[in-house]
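> First to last, the sequence lines map onto chains C and U. In terms of our numbering, the first sequence opens at residue 1 and continues consecutively. In terms of our numbering, the second sequence opens at residue 1001 and continues consecutively.
Source of the hints: derived by calculation from the structure; they are not laboratory data. Mixed in with the good hints there might be a few duds.
Derived pair list, reagent style SDA-like, types lysine to any residue, alpha-carbon separation capped at 20 angstroms [as the list claims (entries may be wrong)]:
(1) U/Lys1120 / U/Gly1106
(2) U/Lys1141 / C/Glu314
(3) C/Lys110 / U/Gly1316
(4) C/Lys141 / U/Ile1259
There are 2 protein chains.
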Amino acid sequence: MNAPSPRVSGPFSGLKVIDLTRVLAGPYCTMLLADFGADVIKVEMPKRGDDARHIGPFIEEKSTYFMSLNRGKRSIALNLKDEADRATFDTLLETADVVVENYRPGAFEKLGYDWDTLHKRFPSLILASASGFGQTGPYSKKPAYDMVVQAMGGIMSLTGHEGNPPTRVGSSIGDIGAGLFTAIGVASALYHREKTGEATRIDVSMLDCQVAILENGIARYLATGQIPGPLGSRHPSIAPFQAFATADQHIVIAAGNDILFARMAKAIGALDLIDDDRFADNELRRHNVEVLSEAMETTLKTQSAAHWLKILDEAGIPSGPINNVEQVLQDPQVIARNMVIETNDPEIGTVKMPGNPIKLSAFTDPTERPPAPALDGDRDDILAEIVRSNT
Amino acid sequence: MNAPSPRVSGPFSGLKVIDLTRVLAGPYCTMLLADFGADVIKVEMPKRGDDARHIGPFIEEKSTYFMSLNRGKRSIALNLKDEADRATFDTLLETADVVVENYRPGAFEKLGYDWDTLHKRFPSLILASASGFGQTGPYSKKPAYDMVVQAMGGIMSLTGHEGNPPTRVGSSIGDIGAGLFTAIGVASALYHREKTGEATRIDVSMLDCQVAILENGIARYLATGQIPGPLGSRHPSIAPFQAFATADQHIVIAAGNDILFARMAKAIGALDLIDDDRFADNELRRHNVEVLSEAMETTLKTQSAAHWLKILDEAGIPSGPINNVEQVLQDPQVIARNMVIETNDPEIGTVKMPGNPIKLSAFTDPTERPPAPALDGDRDDILAEIVRSNT
Chain C
1 MNAPSPRVSG PFSGLKVIDL TRVLAGPYCT MLLADFGADV IKVEMPKRGD
51 DARHIGPFIE EKSTYFMSLN RGKRSIALNL KDEADRATFD TLLETADVVV
101 ENYRPGAFEK LGYDWDTLHK RFPSLILASA SGFGQTGPYS KKPAYDMVVQ
151 AMGGIMSLTG HEGNPPTRVG SSIGDIGAGL FTAIGVASAL YHREKTGEAT
201 RIDVSMLDCQ VAILENGIAR YLATGQIPGP LGSRHPSIAP FQAFATADQH
251 IVIAAGNDIL FARMAKAIGA LDLIDDDRFA DNELRRHNVE VLSEAMETTL
301 KTQSAAHWLK ILDEAGIPSG PINNVEQVLQ DPQVIARNMV IETNDPEIGT
351 VKMPGNPIKL SAFTDPTERP PAPALDGDRD DILAEIVRSN T
Chain U
1001 MNAPSPRVSG PFSGLKVIDL TRVLAGPYCT MLLADFGADV IKVEMPKRGD
1051 DARHIGPFIE EKSTYFMSLN RGKRSIALNL KDEADRATFD TLLETADVVV
1101 ENYRPGAFEK LGYDWDTLHK RFPSLILASA SGFGQTGPYS KKPAYDMVVQ
1151 AMGGIMSLTG HEGNPPTRVG SSIGDIGAGL FTAIGVASAL YHREKTGEAT
1201 RIDVSMLDCQ VAILENGIAR YLATGQIPGP LGSRHPSIAP FQAFATADQH
1251 IVIAAGNDIL FARMAKAIGA LDLIDDDRFA DNELRRHNVE VLSEAMETTL
1301 KTQSAAHWLK ILDEAGIPSG PINNVEQVLQ DPQVIARNMV IETNDPEIGT
1351 VKMPGNPIKL SAFTDPTERP PAPALDGDRD DILAEIVRSN T
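Taking the hints into account, I'd like the entire structure generated from these sequences.
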């Protein structure tokens, strides 16, 4: 079951993952597995491949979206409705530790790969399924995308400014949330198999994951009976904990307790806030947050964001700029933490992308990762390995 | 190293986790570990305990926020600056598999528990640290909260409507993202230890995690050089993939490819959209998204959300309502998937909260979980177990 040549080293080195996933949720999960050293083999539809290959932005007709989600994986094109290709696929499964798929529930089963059959034929194989609504329940067979589960899962009802049109979370948290929970499922199942020999099937629903990351909103609703609405840039239970206008641009200040609040007021030279009864503790500040914000902004608007951030930083107040993507990629901390890494694409050269945020002392954290594969680009290697492992 | 009595069954049953974390990111991670069967022992500051105990909303002066993050854990109060308490803590570590902490970097070290010392004394102990900026880099020692890393990590620059004030993601994705990545780290490290005997240290930064979930924004910026801004309710690369007004309330429609687009247009009776050259493929629809949205809303505004959702559903178009928290908790799929579970608090009775979204075939998925612990509520049991394991 060892990968043929050492790839990126990590806790999953030596594991083989068969990756039937497309677009975002599944590929995000298997990217994490590849980052941790697993040999991830993408099994793609002949000719078309992963849909993400056709979603922009493109550089020289290659999707950087696809590249950033599939670094360090390998690719073979197989049509699972074709007999010969199915035989190849089955041989792949024999040598695999994990299959990850994000078909619509029922589709993989229709191809003959239901869990019971798989588990009987390949008793040590783990199967992870990520789908819109999960393998069970009344919506199971319905189609879903990120946008749909963001809407149905409630996060959109908490995001945005009151009275405005609905607001989507700016990154695809519906997909990525499911990718993260699926990765936790796979890692846990690998641990369980290593310890007991038992392989398990993992069933993750994008909608479920949205519910699981809502917690504050749910606690508020269940405690008060009031349906929480959008709060703009504010935290629902803590004040001041939000964005504030300065002379040039917004900054965030999170002075979450009485000590920090007093220190913040002193730092920005708004001493009157400290003795104001309306702001004496968090409950009062939360209740009077409109007045408090106005009072703070009266001071903050007299100087630039850079001015205030320096002062707040020196006073140890949690605060920061609202960075755009360009600023994030140039941030000294982000760079120092190796969170902007490179891949070297054979056709278009260096492509930067986010690094792996899980730093393990037992492994190096490469500044360069292998590029995403060409469609069917590793066929010969993969087939040769199958032959070798069968002789 | 076995927990004394069978708790919730799962892949981590039999593992002991010492949990020094507070508020959200760390407790969210250890909640996932407890949901999977680990015996999670919260070590809390005497008298005050986890800060989240003091963050509302409250029912009868008990924080439901705290409850929803700490179900199924146990609690002992220890002052790690007190000699006798440190001795107890050290004995706990002897029997533990994992320590999770979210102190400001340097603080746990100052107490004498730097990784090198820990690793020498307890060679099989895994240490997971979640912090605002990570254990290394120029900002390492700075304080951070969810709000700060949402701002600095770029997700706020992509969220909201152009021209509006900044918009925070409505749930604490800065904390929860870090909790999820830390859980992946712990599960991976457990697998690695089981396989090789080696324990590792995990270092997760909230800011890094924000960068890791930005991917689409980063790919867009690096491919085009343009800094992506907020997109309201729209997807950046796919159209139509957004919220639309109907006669009564907004719904989302995600008709992400040509086939779905044509089927959607037919379903809502807007056949003219199909033959319109401006909407012939995704690139064109994305380019002409304003005109397209207006055209679609002209039709959609003639009927209610319920009317359209039924029609779209029958046509197999990914679509859905924008649910608020109350609607989420009543959704038949959410309920069928056991995503609303109960705990039975000894003082206030039944408290509902989100379930575990990772469903494993090898384990049951309880509809009731043990409640969150009272501060120091398990002291006697925990101390008795230590004595027992030392004799």
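> Is the hinted pair C/Lys110 and U/Gly1316 satisfied, with a Cα-Cα distance of at most 20 angstroms?
19 angstroms, holds
> Does U/Ile1259 lie within 20 angstroms of C/Lys141 when you go C-alpha to C-alpha?
18 angstroms, holds
> U/Lys1120 and U/Gly1106 were given as a pair; does the straight-line alpha-carbon distance stay at or below 20 angstroms?
The given pair, whose Cα atoms are some 18 angstroms apart, holds under the 20 angstroms limit.
> Would the pair U/Lys1141 and C/Glu314 pass a check requiring their Cα atoms to be no farther apart than 20 angstroms?
Between U/Lys1141 and C/Glu314 the Cα gap is close to 12 angstroms, so the pair holds against 20 angstroms.
In summary, the structure agrees with every hint in the numbered list given earlier.
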